[in-house]
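Protein chains: 2
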Amino acid sequence: MSEQPVIPVPGSATSPTQAPAHKAQLDQLRERIDSIDKQLVELLAQRRQVIQQVTEVKQQHELPTFHPAREENLISARRAQATQAGLDPDYVEDLFRTMLRHSRVGQLDTLGRRGVRPGAKVLVVGGRGQMGRFFATWFRQSDYDVRVLDRDDWANVSSLAQGADLCMLAVPIDLTAAVAEQIAPHLPPTCVLTDITSLKGKPLEAMLHSHPGPVVGLHPLFGPATNTMDKQIVAVTPGRNMEQCQWVLDQLTVWGNVLVETPAAEHDEIMGIVQALRHFATFAFGQFLHSRSVPILRTLDLSSPIYRLELAMVGRLFAQDPELYAEIIFATPERLSLLKDYIQSLQQNLSLVERGDKKEFVARFSKVAEWFGPFSEQAMRESTFLVDKLVHRF
Amino acid sequence: MSEQPVIPVPGSATSPTQAPAHKAQLDQLRERIDSIDKQLVELLAQRRQVIQQVTEVKQQHELPTFHPAREENLISARRAQATQAGLDPDYVEDLFRTMLRHSRVGQLDTLGRRGVRPGAKVLVVGGRGQMGRFFATWFRQSDYDVRVLDRDDWANVSSLAQGADLCMLAVPIDLTAAVAEQIAPHLPPTCVLTDITSLKGKPLEAMLHSHPGPVVGLHPLFGPATNTMDKQIVAVTPGRNMEQCQWVLDQLTVWGNVLVETPAAEHDEIMGIVQALRHFATFAFGQFLHSRSVPILRTLDLSSPIYRLELAMVGRLFAQDPELYAEIIFATPERLSLLKDYIQSLQQNLSLVERGDKKEFVARFSKVAEWFGPFSEQAMRESTFLVDKLVHRF
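Protein sequences, first through last, are from chains A and B. First residue of the first sequence? That's 3 in my numbering, and the numbers climb one at a time after it. First residue of the second sequence? That's 3 in my numbering, and the numbers climb one at a time after it.
Wrong hints could be hidden among the right ones.
Chain copies aren't distinguished; within one or between two, either way the pair holds.
[Claimed, not checked] No more than 30 angstroms apart at the CA atoms, straight line, and that leaves these computed lysine-lysine pairs for DSBU-like:
#1 LYS204 to LYS361
#2 LYS60 to LYS233
#3 LYS25 to LYS369
#4 LYS361 to LYS25
#5 LYS25 to LYS60
#6 LYS369 to LYS123
What the hints contain is simulated information worked out from the structure, not anything from laboratory work. Treat the numbers as computed from the prediction; the structure is a model and nothing was measured.
Please work from the sequences and hints to get the whole structure.
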């Protein structure tokens, strides 16, 4: 985003006070900095080579990529060294976290492709949609025998489903139940049936009802644009015969995902807030800015980084697929009633402003602050860290 | 924020497949990594020493801290070297941006204290409030002669105001106009009069009306918790005799601030959206979560990083001063009508959901997306960068 300092900076780089003598002195110091920086990059390249050797050893012996304790020890040692050398340990930690993350992703690129059950037959229903294609690619890279069934392939359903070890439904929310019933009779009874929709109650019920074998509901909390699954969250709603589903969960873990188990009812209630309500509110805010023709870029010139962050999150929504958001917002009658309640609560808060009742506003604010408790402080630290990144990156 | 993977990771660190031979091999490689890391920190410490020498030279000759072109050249050279060495240039750039930022802040710590007009008399009215204290401290560190006038000091107003070169009003919005009128008769006619409230129309009018000398409105877009002014934005609303106000603006620039000029009307309109509306919406969302007793921490376990970021921004609000937010939201009748319009537009969007009119939702969405234009893509990139930071930091 653009910053437009309209008032000139005093003492620009070409200031007449800069005599040649100081210039030579500065040039010399800058050369030293350049030489140090060059050595830094050389060391980074060396580091990468050693990491690659580590990856090879791990690959040969099927060892895990991740070693949280090792990472923390490494960080502690560098922090201690930094403090001794008079450097800010937080600064050094920040650099090393970036480096560790980079090498972890590099290792996942290699190790993450490992198939937990290579050669197993995976049928992706809706495999030409965005998420379907995404999973089909990942399974293929991990040496699974991947077949795709989309709208026009139902004529071949028997041969496609034959001998399937996993059937993954990657179709829109409102079709998931119907497709589950349609595909189930063609699956072997030992096949794992799963779906990846953002609602879990009805799809899971339909899968359990139509398929007698192992069933598990999945909700990957990321979009198809992701190119790493490192630390991405997948909600897991157990269905039936979970021990037979375990290899599928293991595969997700090998890819780098973090799995969080949740009953369907809890999942759907939380997603009402986390997805439907937030997406609706964000959509409505963007729509409001549009309806008033608010000069977006100018508001950014005049904004604190927090607003820039908020606006980036509004803009982000509109760079994505409207159908997907419609699906999520329009999914259930419970979601409609949640949105109604929300707008009603806004109305109630507005009436405070109408009455000019600052005292009650402050009272409500304090009550909520107390309820948020230590999370507020954590949120403050976390968002400050990010704002810092934002200010100094762009 | 906490992640709770409830399903075990396959092949844990103590896996029985890990034979001593591989362990020795891994240990050796890890020792090499540790040695490289140690050298990295040594180079960082060397770098810091050279930077300190640069700072000293700059200080002796009053040269500017910042040299954007130098930074960009440095980054380009390291990117090129990275590419040649088979490293990801974005990764190397990320590390160097962190390093440059750190050294810039380090230099500002030393150079930023330089007074543009050391010894000048600065009167901070409301100087015992948070922002007043903040500015008093910065002026003092830059060798100004700082005096503070707060509620109980009006008996001494004549002596405090005598010979003032700058009078800064740091009092609540609703008092600014009245305090301007009260203090103005005691100021020398050459004194620069300024305020730092988040509204500019009325305060500026009152200052221009009561003081015949130089007047400029300021709105620092940051809170008193900031410990660096590096790249922080200050909105500047010109009043009268701007050439006589220039040294004050120069001082802000030396401290690291970025100044953005804006007429009072534009400023106040944009702040209605950027501050009043956003703060109200954020407050109301937090209040809604509270009223439904939504299990915050559990929603975080089950969330995409984007929601975590959004929730962090809600939590952040409630870690701050309710009076300040009340002041901003309740400031003007225009703001009330803005909030009303906003809720009305939410209601209209809700009726789409009530009617189940997905088609119209998608149509509106696409219209807004078009209006946002390239900003959406930028927002996507920017927020993805941050989400990445968030995922891998916490």
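Hints and how they fare:
no.: 1; hint: LYS204 to LYS361; result: between (46 angstroms within a copy, 24 angstroms between copies)
no.: 2; hint: LYS60 to LYS233; result: within (20 angstroms within a copy, 45 angstroms between copies)
no.: 3; hint: LYS25 to LYS369; result: neither (59 angstroms within a copy, 55 angstroms between copies)
no.: 4; hint: LYS361 to LYS25; result: neither (60 angstroms within a copy, 65 angstroms between copies)
no.: 5; hint: LYS25 to LYS60; result: between (52 angstroms within a copy, 10 angstroms between copies)
no.: 6; hint: LYS369 to LYS123; result: neither (55 angstroms within a copy, 43 angstroms between copies)
In this structure, the earlier hints numbered 3, 4 and 6 are contradicted, and the remaining ones agree with it.
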